[in-house]
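Chemist: Join the two chains into one complex using the hints; note that each chain is given alone, in its own frame.
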Amino acid sequence: MSDSPTDLLQGTLDLLILRALALKELHGMGISRRIAQMTNGTFEVKAGSLFPALHRMQESGWLTSFWGESETNRRAKFYQLTKVGRRQLSTETKQWERISLAIATALRTP
Amino acid sequence: MGLRHIYNFCRNALYKQRLDQDADEEIRSYIELTAEDKVRCGASREEALLQTKREIGGLEQVKENIRDVRVGASIDRLLQDIRYAFRMLGRNPGFTGVVIAILGLGIGATTAIFSVVDAVMFKPLPFPTADRLIRIQSMLIKSRRGEVASYPDFLDWRARNHAFEGMAVFRTNDFTFAGGRQAERLEGAVVSARLFSLLGVNPSLGRSFLPQDDTPQTTSGTDPVILSYGLWRRAFGSDPSVLGRTIELNRQPFTVIGVMPHEFQFPIQAEPVQLWTTIAVDARGGANAMTAQRGAHYLDVIGLLRPGVRLPQAQAELTSIASALNKEHPENKPRTVLLVPEIQSLAGPIRTPLLVLLASVGCVLLIICANVANLLLVRASRRRKEMTVRVALGASRGRAMRQLLTENIILSLLGGCLGLALAVLLIRLLLGVMPPQVPRLNDVGLDGRLFSFAFLISVASGIVFGLTPALQASRVSLTDSLRESWSSSGNEGKGHTRSRQALVIGEIAIAVVLLLGAGLLLQSFLHLTQVDPGFDPHHVLTFEIDAPPAQEGAGHERFFHDVITRISTIPEVTSISAAASLPLTGDNIASSIEIEGQPTPLGSRPAADFNAVEPGYFRALGITIMRGRDFTLHDSSNSTPVVVVNRALAQRFFPNQNPIGKHIRPGIGNGYGPGEPPMREIVGVIGDVKQSGLNAEAAPEVYAPLAQSPFSPVFIVVRTANDPRRIIDAARRQIAILDKNEPLYHIETLDEYFAQSLFVPRLVTLLLNGFAVVTLILACLGVYGVVSFITLQRTHEIGVRMALGSQRSDVLKMILAEGLRPAVIGLALGITISLKLMTALSSLLFGLRPTDPLTFGAVSVLLTGVALLASYLPAQRAANLDPMRSLRHE
Numbered sequence: 003m004s005d006s007p008t009d010l011l012q013g014t015l016d017l018l019i020l021r022a023l024a025l026k027e028l029h030g031m032g033i034s035r036r037i038a039q040m041t042n043g044t045f046e047v048k049a050g051s052l053f054p055a056l057h058r059m060q061e062s063g064w065l066t067s068f069w070g071e072s073e074t075n076r077r078a079k080f081y082q083l084t085k086v087g088r089r090q091l092s093t094e095t096k097q098w099e100r101i102s103l104a105i106a107t108a109l110r111t112p
Numbered sequence: 057m058g059l060r061h062i063y064n065f066c067r068n069a070l071y072k073q074r075l076d077q078d079a080d081e082e083i084r085s086y087i088e089l090t091a092e093d094k095v096r097c098g099a100s101r102e103e104a105l106l107q108t109k110r111e112i113g114g115l116e117q118v119k120e121n122i123r124d125v126r127v128g129a130s131i132d133r134l135l136q137d138i139r140y141a142f143r144m145l146g147r148n149p150g151f152t153g154v155v156i157a158i159l160g161l162g163i164g165a166t167t168a169i170f171s172v173v174d175a176v177m178f179k180p181l182p183f184p185t186a187d188r189l190i191r192i193q194s195m196l197i198k199s200r201r202g203e204v205a206s207y208p209d210f211l212d213w214r215a216r217n218h219a220f221e222g223m224a225v226f227r228t229n230d231f232t233f234a235g236g237r238q239a240e241r242l243e244g245a246v247v248s249a250r251l252f253s254l255l256g257v258n259p260s261l262g263r264s265f266l267p268q269d270d271t272p273q274t275t276s277g278t279d280p281v282i283l284s285y286g287l288w289r290r291a292f293g294s295d296p297s298v299l300g301r302t303i304e305l306n307r308q309p310f311t312v313i314g315v316m317p318h319e320f321q322f323p324i325q326a327e328p329v330q331l332w333t334t335i336a337v338d339a340r341g342g343a344n345a346m347t348a349q350r351g352a353h354y355l356d357v358i359g360l361l362r363p364g365v366r367l368p369q370a371q372a373e374l375t376s377i378a379s380a381l382n383k384e385h386p387e388n389k390p391r392t393v394l395l396v397p398e399i400q401s402l403a404g405p406i407r408t409p410l411l412v413l414l415a416s417v418g419c420v421l422l423i424i425c426a427n428v429a430n431l432l433l434v435r436a437s438r439r440r441k442e443m444t445v446r447v448a449l450g451a452s453r454g455r456a457m458r459q460l461l462t463e464n465i466i467l468s469l470l471g472g473c474l475g476l477a478l479a480v481l482l483i484r485l486l487l488g489v490m491p492p493q494v495p496r497l498n499d500v501g502l503d504g505r506l507f508s509f510a511f512l513i514s515v516a517s518g519i520v521f522g523l524t525p526a527l528q529a530s531r532v533s534l535t536d537s538l539r540e541s542w543s544s545s546g547n548e549g550k551g552h553t554r555s556r557q558a559l560v561i562g563e564i565a566i567a568v569v570l571l572l573g574a575g576l577l578l579q580s581f582l583h584l585t586q587v588d589p590g591f592d593p594h595h596v597l598t599f600e601i602d603a604p605p606a607q608e609g610a611g612h613e614r615f616f617h618d619v620i621t622r623i624s625t626i627p628e629v630t631s632i633s634a635a636a637s638l639p640l641t642g643d644n645i646a647s648s649i650e651i652e653g654q655p656t657p658l659g660s661r662p663a664a665d666f667n668a669v670e671p672g673y674f675r676a677l678g679i680t681i682m683r684g685r686d687f688t689l690h691d692s693s694n695s696t697p698v699v700v701v702n703r704a705l706a707q708r709f710f711p712n713q714n715p716i717g718k719h720i721r722p723g724i725g726n727g728y729g730p731g732e733p734p735m736r737e738i739v740g741v742i743g744d745v746k747q748s749g750l751n752a753e754a755a756p757e758v759y760a761p762l763a764q765s766p767f768s769p770v771f772i773v774v775r776t777a778n779d780p781r782r783i784i785d786a787a788r789r790q791i792a793i794l795d796k797n798e799p800l801y802h803i804e805t806l807d808e809y810f811a812q813s814l815f816v817p818r819l820v821t822l823l824l825n826g827f828a829v830v831t832l833i834l835a836c837l838g839v840y841g842v843v844s845f846i847t848l849q850r851t852h853e854i855g856v857r858m859a860l861g862s863q864r865s866d867v868l869k870m871i872l873a874e875g876l877r878p879a880v881i882g883l884a885l886g887i888t889i890s891l892k893l894m895t896a897l898s899s900l901l902f903g904l905r906p907t908d909p910l911t912f913g914a915v916s917v918l919l920t921g922v923a924l925l926a927s928y929l930p931a932q933r934a935a936n937l938d939p940m941r942s943l944r945h946e
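Line order of the protein sequences matches chains R and L. Here my numbering runs 2 ahead of the position in the first sequence, where the first position is 1. Here my numbering runs 56 ahead of the position in the second sequence, where the first position is 1.
Each hint should be verified, as a subset may be incorrect.
Stated by the list, open to error - Computed list of lysine-lysine pairs in BS3-like fashion (alpha-carbon distance at most 27 Å, straight line): (1) K48/R / K119/L; (2) K389/L / K718/L; (3) K198/L / K72/L; (4) K119/L / K94/L; (5) K383/L / K79/R; (6) K79/R / K109/L; (7) K72/L / K79/R; (8) K94/L / K26/R; (9) K79/R / K94/L; (10) K48/R / K94/L; (11) K48/R / K718/L; (12) K79/R / K48/R; (13) K198/L / K441/L; (14) K72/L / K48/R.
What the hints assert, rightly or not - Short derived list, chain R residues pointing at chain L, Cβ under 8 Å: (15) A49; (16) F53; (17) E61; (18) G63.
What the hints contain is simulated information worked out from the structure, not anything from laboratory work. Note that the Cβ used here is the ideal one computed from N, Cα and C, for glycine as well.
Bound-form chain L, shown alone (with noise of 0.2 Å):
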């Protein structure tokens, strides 16, 4: 059975042309033989051979269905199709090459963006556990957002629940390493031991950390430390000897123990960590040691779920810890906790914005394709007679519509092809103008999962785009289209308007979906780019730097007072200061505090944002003193604790009073040695800063001396006279003069920060508003397409309107109201559409509503006007023709 269906295979495909001879052969001896007997009977021969013609049939038919029952016949007619759809593409290289173009962009930009939403969303992390890894969140019950976690917290977590199998906590630090000719800054984290099991990944040297490793080593050695690969290879020359080398970080000896393998990568960000260390390095202290505050939250926490257990259920048992928790220690505010898988909190901000972008190219792409099918629709009325003619000739309705289909879809894989070619150039710009901090940038390119997708969409839009214009042409009835076609041009059946139709008012709803989007994303970023920050960040450089550890307490502040008297010399420099936490760069420290005269339990007390700087910080950053007074050299430790605070935080608390000369406590900062951290006193009132964004309301903020609430590392900001950029080489020698071995880091102007706030919202309304652009484009090509494909049909009538007195005005406005039909009806449809889609933008929305009224008005009225403006042409057009000449048109 098997051998003969090869057999027989092999023998169609190889003596296709002689098994067609033979077949032809038997069909006309069979002919002959009929009539011979119908000529027996007293029948003519002429007459005898037309009547067995007409018994028959179709002959071709016949011999297609002989053909077809040969194994193997249907690849056959695959390939005939291929060859076909070729010669025909091949013929008409214009409208071929304009559809493939287009195709090749809708494509290309698909993929390219979907390269990029891949590689930040969807591509599996690359642990052996990846897909049982939990982000475990802390969370405000008040708020909405997850957080960080206290140690004791996640202690207790972790003891508690039963569905993971365990957690472990982590956070990113900067180490200063003196292992090499000059001080360097590494990124490294901070982690607890079980970490890397949770990971199921083992360092390829050496040995992984030891629970007992989160514990300080207090009698012998000191704590370890595991290098990256990169580190390992970089700065010890791959020398597996390091393990049991003590190594200086932050001047403080570590061991080194292990060293990962190559390609691990640990939280995944796109500054890779080069080293590891236990939360050893936050548990000194007693008491006071970070690890032992359970208002101190600081920490991210990961859990590896165990098998079989499903996210609710962990989440259920968690939330119910929380509430324990917060029932036994009421002390700190009520909290509850927020599981997120950990490929989707990796994603993070950026995951609306990709995925707004992504469904906008695919807009794009579904706008390209029904184009693609308007300008088939219109190609097929030119072919009619061809598929009338092989339908006569004996060929299936099935087999013609097969014919098309295979046409498209070879016309949407060329797209493709083209589109691939596209996507890597678009993806190399895209990732240029990506934000830097988005992770897992490097993963992005060319791969099989881009490939199939191209493939893909390929063949779905050649599907999408094909079918009307392949149903179409199959709903060919013979009898009729032989005649009219035979008869003149374009005067088709109404299905062909309805559908070009149909597909224009998609086009025209997708439009308005986009263009509103677009709209409003664009008003948001005007509002945001208009927000007065409260500082000026202009001509403003800011570093981090440490101070070395031999100088604890007030003495840090000797050391960044001198950094700060060596760099006023440079002679660019206008003025200078330090603060803790600047603004908008997303590190803020949230602090408790407490009003003079309201005594408030701890867990209740009002939050506001701390910081502590240095006289003239608010001079340097042209933050406005609306009351009392900046800080000077006199607010010491040994004087009376001072604060500085906002207006958000004077209007809340202090509603119609003045604020200077009252008292507030806030929870941290305390340079003043063990005990609760005393009440300071109100000498400053100063404007409000966006500090944690400038989409986000003011908060109440607190500013205190650094000279009163030591703080290490600290940001020195530098106000300059030109490009502050200049002083960075200046800046740096003078602090090596100071001390060699602190380096300086993180070196950005405050316009760089100002600008990274403003990038996402930058890209995603950038790329929009082009996407807008062009489907509008398209939109109006598919107007002007089907008002001019009316107008045609419509001559004659025409014609005959005006030979009976119809005026030229009255056409116009006739063919003007084609045109303005679909339009009206898109409109709605996508105003429709949008009102529920547009609250996905909301969180990408400020300064106004997903449903602005104003931005829907200036999109219909847009998207009228260029309806109107697409169909005038055609209109006067047909208002221009001679009834004449139009009526002799037939």
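If we strip away everything but chain R, and leave its shape as in the complex, we get (with noise of 0.2 Å):
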């Protein structure tokens, strides 16, 4: 049993979850289903990790969440993005970019 609860670094939950609500709203487990879709399959965001990002980023402000309902009409909550979080996933992006850039190149290096 490990105690760590993701496998993925913590920034990077973050980015793959604003990225997944960049279309439109979505409840938690769809969210963990668009995280694997989106990475096919590369990431399993599984309940333990996705539930307490999801209400830090509630608490920083860059979602907001309401109960609705599910495609096959159960009460499920879902999440959407607020202005800051917008802004937030473009900077988050960007600095994504640079650092994957800068590792990919120093890795190239012979």
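Modeler: Shown next, in the form of structure tokens:
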């Protein structure tokens, strides 16, 4: 039994959640399905890390939430990006691109 | 950002329950949705639900993690921990009560002693310049003790140094003040003019002394005097027109020039100083004046360091000035200078005893902490199941540990509250038994410093005693402890036993240190009380009295003689005499002496204690005359100069000779007018008297007749048939007949002086032995606890052993060894520590060395015995076990 709730870097998880919500609002299960889909199944986000992250991001004002109905007519809590969240998405995307470029370059250096 | 934080914080605090429900529902819906997904892929509904739940892991853990990310979660958790802690403590009132009580005792005692130490040693002095005030002491190069200085030395130090902004001298002096209806004796100080400006304090009324006030006024007016606020209010009704008024002190006129502020005190001492006058009073008499003699060491010197100058620099500069002075004045004994911060010098000889007490009470508190830790470990083993369940249900290990620490800190804070209340009582008790001459005791009291101290040591002890159990508990292994704690009683891991043993070893080591300290001090005290002081202190009343100033020289003696004649008419008086100094009062008169036929330059003459006495002094004090005779009324200023010496002097300077008829020349006590003091004939030898303290070696002493070496004031000593205090009134009446303006003062019995000299040793010995007994009991409980625990743990094993044929005595031995092991290790540890530590006590010890093997041996035997006794009960219980029952024990 591993103590760490996620194998993802914390920043990565936030970025993936923001990205998943960029198109439209989703409920928790939808978010984890969307992330799996976006990353071709590389990342599977479990509830244990997903929900604390969602609540934390909501406390930071990046997301808002509301209760709605799922595709199968079940009551579910939906999350939506706020203006702050969108700004956060774009800055984090830029930052990520910079870092991944830098690391890729570093790795290619003989 | 900030606003949202506050909003979130409030929402989280107010709608905690609703938020929790919300999260609950959210997760439930997530599970349903995920399961639906799986059903769609072909799983059965039950299977899908089960699988989803397994994937999520600990549901409660997830919820807990969600709660943790909320703003204010840490406060929330803390409140929850505190609530829970109170519930747990309340559930076990016996345990809680015992822990709070012993912690309260420890914290209370520590706080009480700290309050005294703080007031006497640490609280800043009440002067604006306090941190730069340095006491400057003169010191004989051979000796290691700082002493008072002479005025010419002081003048040279002041003129030549660059390290100090200024220097001043002072000495206390009694003044007879005849302003009121009756003459009264006032504690006053003779100071140099710069003193008040060094302290940064100005009179609240009138002016301070001016530099010219240090020299006697020859032409106009009188010497100036500054009054204390208290004296001004009491004797002058706070009348501002007192300035410029002439008052009579010691029958000399003084002009009041100022009044010091309320609360001002200098020098800081138990008996407050009520007036200050300048050094001019010592400067009269030309070359014979006290201030003119480089050999007259009688003044305290205080200096104000320049800002930025450090003590070692100043010390180096003054040392070199002192060695230059030694070369310039070879007729004086070579001296050097010792600088001590004023605050440190004030505490003086009480410093070491106080620090020893503080350290010992700290040790008691440590042992108490160790015992509480032990109790907590016992309880922790009972609470293992609870902890395991909490961890299994989703509490993180850190959280579980925090919970325990919270409980412990609450325990220690409750103990601290009780301790503070106890401290109030203990401080009152302590002040009652403190030596009255200790300065700054009226600063002892409840204040912010004390509260902070009590709080800090409470929290510190909470951490100290709480850490081991908390660490132990956080190491809970889920499966192991679940399995084992479901099964039966205390069958715990090795870790528990080991930490308990370590605690007991620590307890014993500390107990050994305290027992050794207490044992050494106790023996030293017993040695002190068995010292023969050389005189009989019972039934002797003493008081001081001045001669009226009109009667100079031999006139003094006539007055004292009249006093003696008058008082001897009181029926209860059996013998009476007078002396310039008394044994054990702490004010000896030192003098150089020159031996007949051994001419020695002034600077290298040997020193002796000098005393001037009336005939009958030796009889009145019960001092044995070993050879020759006492003084008689025929030894007057017209007859041959004579002395009586003590045995130490005779042995040192006249070994194997009869000293009677030989001659010596004491450097002071000249009643024959100007010029070098005369050679005096030795007419008697007396037994040694402990003049300067019971713990001092007998020093050479010279006694001259008061008639041949006038002194004033003198002590009158009156031996009575019964309680000597009963004649005080009669003595006052008799003296009033002679001169009603001469008050008697410093009225004490010799027994009281005797008791005072034992005051500090008795106090330290008593308290330290009390502490030692407490620690011994606590350490004993510790041994008992750990051995019982081990016995319980090994019940099964013992059963097996006995079933296999072990004898009861084997079991007994085995368990006794369990108790003996930590005792022996602790003993070894304690002795090792003590060998280093006890040297700190050496200045308090008399008649034995800090590594006294007898004490070390006795403590070792005592401790081993007590440890054996403490293990005997559980060992016997184990030996009497019925093997059948203990096998079924599991």
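Chemist: Hint by hint, say whether it matches the structure.
Modeler: Evaluated hints:
Between K48/R and K119/L the alpha-carbon distance is near 13 Å, which keeps this suggested pair within the 27 Å criterion. With a C-alpha separation of about 25 Å, the suggested pairing of K389/L with K718/L holds against the 27 Å cut-off. This hinted pair does not check out: K198/L and K72/L have alpha carbons roughly 78 Å apart, beyond 27 Å. At most 27 Å may separate the alpha-carbon atoms for a hinted pair to count; K119/L and K94/L meet this at roughly 23 Å.
A hinted pair counts as satisfied when its Cα atoms are at most 27 Å apart, and K383/L with K79/R does not qualify at roughly 97 Å. Distance restraint check for K79/R and K109/L: the Cα-Cα separation of roughly 19 Å lies within the 27 Å cut-off, and the hinted pair is therefore satisfied. Restraint check for K72/L and K79/R: satisfied, since their Cα atoms lie roughly 18 Å apart, inside the 27 Å limit. Among the hinted pairs, K94/L with K26/R is consistent with the structure: their alpha-carbon atoms are about 24 Å apart, no more than 27 Å.
Of the supplied pair hints, the one linking K79/R and K94/L holds, its CA atoms being roughly 20 Å apart against a limit of 27 Å. Taken as a hint, the K48/R and K94/L pair is honoured in the structure, with Cα atoms around 15 Å apart against an allowance of 27 Å. Restraint check: the Cα-Cα separation between K48/R and K718/L comes to about 109 Å, which exceeds 27 Å; the hinted pair is violated. Our distance criterion of 27 Å between C-alpha atoms is met by K79/R and K48/R, whose separation comes to about 17 Å.
Distance hint between K198/L and K441/L is unfulfilled; the C-alpha atoms sit about 70 Å from each other, more than 27 Å. Distance restraint check for K72/L and K48/R: the Cα-Cα separation of roughly 25 Å lies within the 27 Å cut-off, and the hinted pair is therefore satisfied. Checking A49/R against chain L: minimum C-beta separation of about 5 Å stays under 8 Å; hint holds. Against a cut-off of 8 Å between C-beta atoms, the interface hint on F53/R holds, since the closest Cβ of chain L lies about 5 Å away.
The beta carbon of E61/R comes within 5 Å of a beta carbon in chain L, closer than 8 Å, and the hint placing it at the interface holds. Contact between G63/R and chain L, as hinted, is supported at the beta carbon level, the nearest pair being about 5 Å apart and thus within 8 Å.
The structure fails to meet hints 3, 5, 11 and 13 from the earlier list, while all remaining hints are met.
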